[in-house]
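Novice: Here is how the chains run, residue by residue.
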Amino acid sequence: MTWLVPLPVVMPLLGAALTLLLVRRPRAQRTVSLTVLTATLVVACALLWLATGEGALVVAVGGWGPLGIVLVADQLAALMCVVSAAVTLCVLVYSIGQGMADGDEETPLSVYHPTYLILTAGVMNAFLSGDLFNLYVGFEILLVASYVLLTLGSTAPRIRAGTTYVVVSLLSSLIFLTAIGLVYAATGTLNLAQLVGRLDALPDGLRLVLQAMLLLAFGIKAAVFPLSAWLPDSYPTAPAPVTAVFAGLLTKVGVYAIIRTETLLFPGGRVADLLMIVALLTMVVGILGAVAQADLKRLLSFTLISHIGYMLFGVGLSTGLGLSSAIFYVVHHIVVQTTLFLAAGLVERRGGSTALDRLGGLARVSPLLAVLFLVPALNLAGIPPFSGFLGKLGLLQAGVETGGPLAWTLVAGGVVTSLLTLYAIARVWNLAFWRTPHPSLPAPGPTRLMPRMMVGSTLALVVFGAGLTLVAGPLFDVSATAAEDLLQRTPYVSAVIP
Amino acid sequence: MLVLLAVHALAAVLAPSLVRALGRRALYLLALAPAAALGWALTTATATETHPWVPQLGLEVALHMGALGRLMVVLVGGVGALVLAYSARYFAPDDAGLGRFAALFVAFAGAMLGLVVADDLLLLYVFWELTTVLSYLLIGHDAARRAGRRAALQALLVTTFGGLAMLVGFIVLGEHAGSYRWSVIAGDLPSGPLLTVAAVLILLGALSKSALVPFQFWLPAAMAAPTPVSAYLHAAAMVKAGVFLVALLTPAFAVSAVWQAVAVTAGLATLLYGGWRALREHDLKLLLAYGTVSQLGLLVAVLGTGTRTAALAGAAMVLAHALFKSALFLVVGVVDHVTGTRDLRELSGLGRRMPALAAVGVLAAASMAGLPPLAGFVGKEAVFAAFATGAPLDTAVLAGLVAGSALTVAYSARFVWGAFGGAKPSEALPPGPALLAPAALLAAAGLAAGLAAPVVDGLLAPYAAGLPGPGYHLALWHGLSVPLGLSAVAVTAGAAVFAATRRRSRDAAERPPAGTAAYDRLMHGVDRLAVELTGATQRGSLPFYLGVILLVMVVLAGVALLAGAPWPVALRPWDTPLQAVVGAVVAVAAIGAARAHRRLTAMILVGVAGYAVAVLFILHGAPDLALTQALVETATIVMFVLVLRRLPATFSERPLRGSRLVRVAIGVAVGAVAAAMAYVAAAGRQARPVSLGFPDLAVSYGGGDNVVNVILVDIRAWDTMGEISVLVVAATGVASLIFRRSADLRQRAPAPPPGPGTGWLRTATGAAQQSIVLQVVTRLIFHVIVLFSLYLLFSGHDAPGGGFAGGLVAALALAVRYLAGGRDELNAAAPVDAGKVLGTGLFVSVGTGLAALPFGGQILQSAIVDLHLPVLGHVHLVTSTFFDIGVYLIVVGLVLDILRSLGAEMDRQMSEPEEAA
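Sequences listed follow chains A and B, in order.
1 is the number of the first residue of the first sequence in UniProt numbering; add one for each residue after it.
1 is the number of the first residue of the second sequence in UniProt numbering; add one for each residue after it.
Please note that a few of the clues may not be correct.
Below, a list of computed lysine to any residue pairs in the SDA-like style, where the Cα atoms sit at most 25 Å apart [unchecked claim]:
#	chain 1	residue 1	chain 2	residue 2
1	B	K836	A	R24
2	B	K424	B	T492
3	B	K424	B	A500
4	B	K836	B	L774
5	B	K836	A	R30
6	B	K424	B	R528
7	B	K836	B	Y791
8	B	K836	B	M906
9	B	K424	B	T516
10	B	K836	A	V400
11	B	K836	B	V638
12	B	K424	B	H473
13	B	K836	A	M100
14	B	K836	B	D907
15	B	K836	A	A28
16	B	K836	A	I180
17	B	K424	B	G349
18	B	K424	B	T501
19	B	K836	B	A672
20	B	K836	B	V776
21	B	K836	A	L34
Just so you know, the hints here were simulated from the structure itself, not pulled from any lab data.
Given these sequences and hints, build the entire structure.
Specialist: Here's what the structure looks like:
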């Protein structure tokens, strides 16, 4: 069944080609995109099923073996693919709903469809790649696609935001590319499995240089403090579905790359302590940023940064429970952060703004919208029984289990961050959903304020996020074995190089 | 128990629809859910139930109801049902928020039920936080009122703070015991500092939830909630959660001196503070709120002690307090309902006008004051008995308790006097029986529990049974004992205090509860810290962000380099000195580009650097790379020129002079670190590179002599596939930026050729910007160039060339046509939609990659076909050539797209103002 492995990349690319050819037939474009992403979701689920049952699936592209590029669908990669595919599908439905309601002036769908599909392909490629340079290619695909999506409609604020985003991303790509060059210079290979042994054989200092450069490149992508300032200045200006998918997926690709390389290529060592310190700063500085915001979308961008800290916390602990909780948290956060941005898009339509001082009384105006916001918001704040709580619980347990001043500081930081997250979202609730409706509240007019497809897809993600609570047991099984495999390293290596 | 929880959840979900269908009456129906819990607890002594949830985290749905749990379920279910029934008459029939209220209230009752029967401490936390969040939503029921919103947020933050601390405490216990079930942990507590840490953290949770000092301030503020909410959450249920936790854990935790000390001290302080403040309030509801704070202090102090009598006394007081306090809140609600005020300075004559209401109020208040024969009296007797041991510490506590009781008597009297006293006739209409009945039932239950003290004793005794200390039994009459004497003292002193304060406090100014100011200062501090920190890090300046990133790189990599990267001893500076010369050219050009003032200069210098890199490739023996690099550089220059038309000739004068040195320093440091890294990395290699096998395999397996091309279209074709999709997106992106409107985007396809002519040079309109000569020349060579590009494409597998280089050559041919003749000439040369060229190319490449799958090959695996055809003779065909055709098409499509957008469309936009004028 290894022929399934390339499909999550190949199908969206073929879909992109078709949507480019069908540029004058929006209905056909929609059909292609929906079909392709649905199929991708199915294939991703199959990959997760197979990887859980039989171990990692490996494909040597072109039959070149480890000389060429290998694609590896282990549990971690397959899990990421499943969640990403589900999220991209929901966001696609949302954006189609938005486009059908508004016409496509705001987000020209003829550009949107192929670009969005290629973005998906890039994300999937990054997860499945077993080759350092190909990982870079995956990053490039999703980055260039994200440049286009971020500047859709080329309004002045988007161009300005796009400039920050593009230049910072280019710098991170440059650093990544430099790191790849250095790795190849030092080891003569880019195959991750081959790198394991060769990196181990290098002198410590040199390995540290390589690790630092890779970490830096991924840290920018993952928006880790102090490399995170670009994110709130760029994400919030994009159209709602674009921001949602960026917030959900793109930073997590960076986190995924950190998890993969830190465990497989650079296990142990003092960098783990550095990661913990950075995790703490990211959590606290990020959430204080959220507290200081007066705009819902910007606020959510800061919570996004802040909670990346939780994932790094788990990676830095480098224990089984820590890592497995971090993986669980990634899954949770992809879903919940995307949902919140979609809900913010609905708030913008229904309330006419995302500025908190121009909103009010939304709970009375639209109870449905209130639920669509409140459930993922509480989830994000780690209120039980939602998945945000479960992930945080695992991390706190892992921290207490590890002990020591640093781990305890992280536990305290995690708890404070959780409280401040609750503060930030409760402030949103107090201002936007309570109070009396703001005078500028749009009256129902010819354009539907809450199109059915937008509400439906948001609701689907809300349910998905809340449903994680019910399947938390099996999901933790997957993340725990994935974490175990990562820490052992041999399952990955022997799957690629038998 | 899970069934009961599910019933509550279901009722909560259905509540809004039920209310919509049945109006207020739906609340009676919903009251069946908590009533069912009451019924179940009355008929079941103990129960245990376990369901798996997240075993990896020790989180199970482990439920257990013992004697303590049973008491709590009775209270939660019974009071819950009665308050819901009361709400059915309390709210106006047309209250828009009634559906939401009903849902939240029933959900709260369910969460509370789960909390008191949870055996797994993590599960307890789950329900604990749920009650917190639901109380937040319930306190803010009237969302238009600022005070309500503020109080809701304050209660949320304070109790969540404590809850999180408690969670960490639980984790400490659980990680030590290897289980999170209290039934397991209780037998395996850690010792030493770990126990102290856990005790303090957990008590933070209990104190904050039950509004004890120093968290007392949130509860009076939360009185902004509707009265039914106060009666249930802030008297019987939620605030009891902290008390319940103390009661649950004390039997095991009493070994910790810290536990006892904190619980008793905070409890006594709260008891006295609350009682004192209650005497100064004019709002009946606030009076009760402070009374609640005071009583919660009493409960925690007693239950935290850990002796048998104290435990029994505490449990009895929990029961008594829940009954009288919720009854009193409901009475205040009725008073508010019928008179429109709760201010005891305005109320008068209600006692005469509404004797039934007054009777209920007096009965409940008497229980609160601890008068016989009510439950409050029985409980307080037991409390005094528990501490009347003669030990010095116990005696000190006892003194505090008696003082607190005196205050309780005083504010109970104040309540009755304030609500029902006075002779001025009132005109308010008495409440209906349905509104009064729940309060009456609760007050009557307080009387019944007092009279049936031995029965209550039998029910509560199992909870206290395992604790040290003499056996004590709840009863109305213990003989002429010390506790009875103390009760008499408390009542007398209380009466005196009431008499002394009733006049004086009449004009006392209203003050927020102590601690509010500290809370406000703290939150203000957090907000300010947030703003200042964010202002410092989030500058909104791209150069600042880049500087930070580069500095981090210099520090990280620099430290790693200094920390012990192996510095090679031998250095081979170059293969040929020419490399040094070219390298110097690259460096000088790069520096010059950074310093340039004119955009054109910068662009040319960047181009020089690019061409010089191509030369470096040649010197390394890589003609393919050099060819591609040179072509890319050329195409880039064309595009730059197109863009520069719209930009000012020079860079803006940047206001960055001051930071110039810093930027130069960062640049130099980054360069130095990068160079050092390259130097160290290349010297560190120990293994043979994988590429050594490529040349041979390229021929035998890849079917081509040109190893670079085989790498691109075969060995690493997956990379190439990704990169061409990048090109597709880049082209789309440029078009999306330039064509402002969606409709314009379709003009990526050419417009029909203008002009009357149909001849060879029909697009030559003779306009000033066109050069006929150049146009003719390009026409003549165009097809030759295209043919050459096709040659590069097809010969690329064995000789220098390939789809990328070929595509670039063809694209440059198009560029020349455009430069010579403008957009019409471009359309004539390539009468196709660029998007379709891109789509076709991507489809061909990816499709080729998939083709191997049905034949059992891997994705992108190529096949080599050698055929003898009649005319062509021997044909050596490698399927990867089709892949390369896709690449070719995409490169052509990309450049075509850019020419259309940056060239033709910008021409149009630039000429638009003139057309308009």
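Novice: Taking the hints in turn, state whether each one holds.
Specialist: Now the hints, each set against the structure:
1. Restraint check: the Cα-Cα separation between B/K836 and A/R24 comes to about 11 Å, which is no more than 25 Å; the hinted pair holds.
2. About 28 Å separates the Cα atoms of B/K424 and B/T492, which puts this hinted pair outside 25 Å; it is violated.
3. In summary, the hint linking B/K424 to B/A500 is supported, as the alpha carbons are separated by about 23 Å, within the 25 Å threshold.
4. Between B/K836 and B/L774 the CA atoms are separated by roughly 29 Å; this puts the pair beyond 25 Å, and the hint is violated.
5. Distance hint between B/K836 and A/R30 is fulfilled; the C-alpha atoms sit about 17 Å from each other, no more than 25 Å.
6. Our distance criterion of 25 Å between C-alpha atoms is broken by B/K424 and B/R528, whose separation comes to about 52 Å.
7. Our distance criterion of 25 Å between C-alpha atoms is met by B/K836 and B/Y791, whose separation comes to about 23 Å.
8. Simply put, B/K836 and B/M906 have alpha-carbon atoms about 21 Å apart, close enough for the 25 Å limit, and the pair holds.
9. At most 25 Å may separate the alpha-carbon atoms for a hinted pair to count; B/K424 and B/T516 exceed this at roughly 37 Å.
10. Between the alpha carbons of B/K836 and A/V400 the distance comes to roughly 58 Å, so the proposed pair goes past 25 Å and is violated.
11. Of the supplied pair hints, the one linking B/K836 and B/V638 holds, its CA atoms being roughly 23 Å apart against a limit of 25 Å.
12. A hinted pair counts as satisfied when its Cα atoms are at most 25 Å apart, and B/K424 with B/H473 does not qualify at roughly 46 Å.
13. Note on B/K836 and A/M100: the hinted pairing holds, with a Cα-Cα distance of about 24 Å set against a maximum of 25 Å.
14. With a C-alpha separation of about 23 Å, the suggested pair B/K836 and B/D907 falls inside the 25 Å cut-off, and the hint holds.
15. Distance hint between B/K836 and A/A28 is fulfilled; the C-alpha atoms sit about 15 Å from each other, no more than 25 Å.
16. Between the alpha carbons of B/K836 and A/I180 the distance comes to roughly 34 Å, so the proposed pair goes past 25 Å and is violated.
17. A distance of roughly 5 Å separates the Cα atoms of B/K424 and B/G349; the hinted pair therefore holds under the 25 Å criterion.
18. Of the supplied pair hints, the one linking B/K424 and B/T501 holds, its CA atoms being roughly 22 Å apart against a limit of 25 Å.
19. With a C-alpha separation of about 46 Å, the suggested pairing of B/K836 with B/A672 is violated against the 25 Å cut-off.
20. Distance hint between B/K836 and B/V776 is unfulfilled; the C-alpha atoms sit about 28 Å from each other, more than 25 Å.
21. Of the pairs offered as hints, the one joining B/K836 and A/L34 holds, with about 20 Å between alpha carbons and a cut-off of 25 Å not exceeded.
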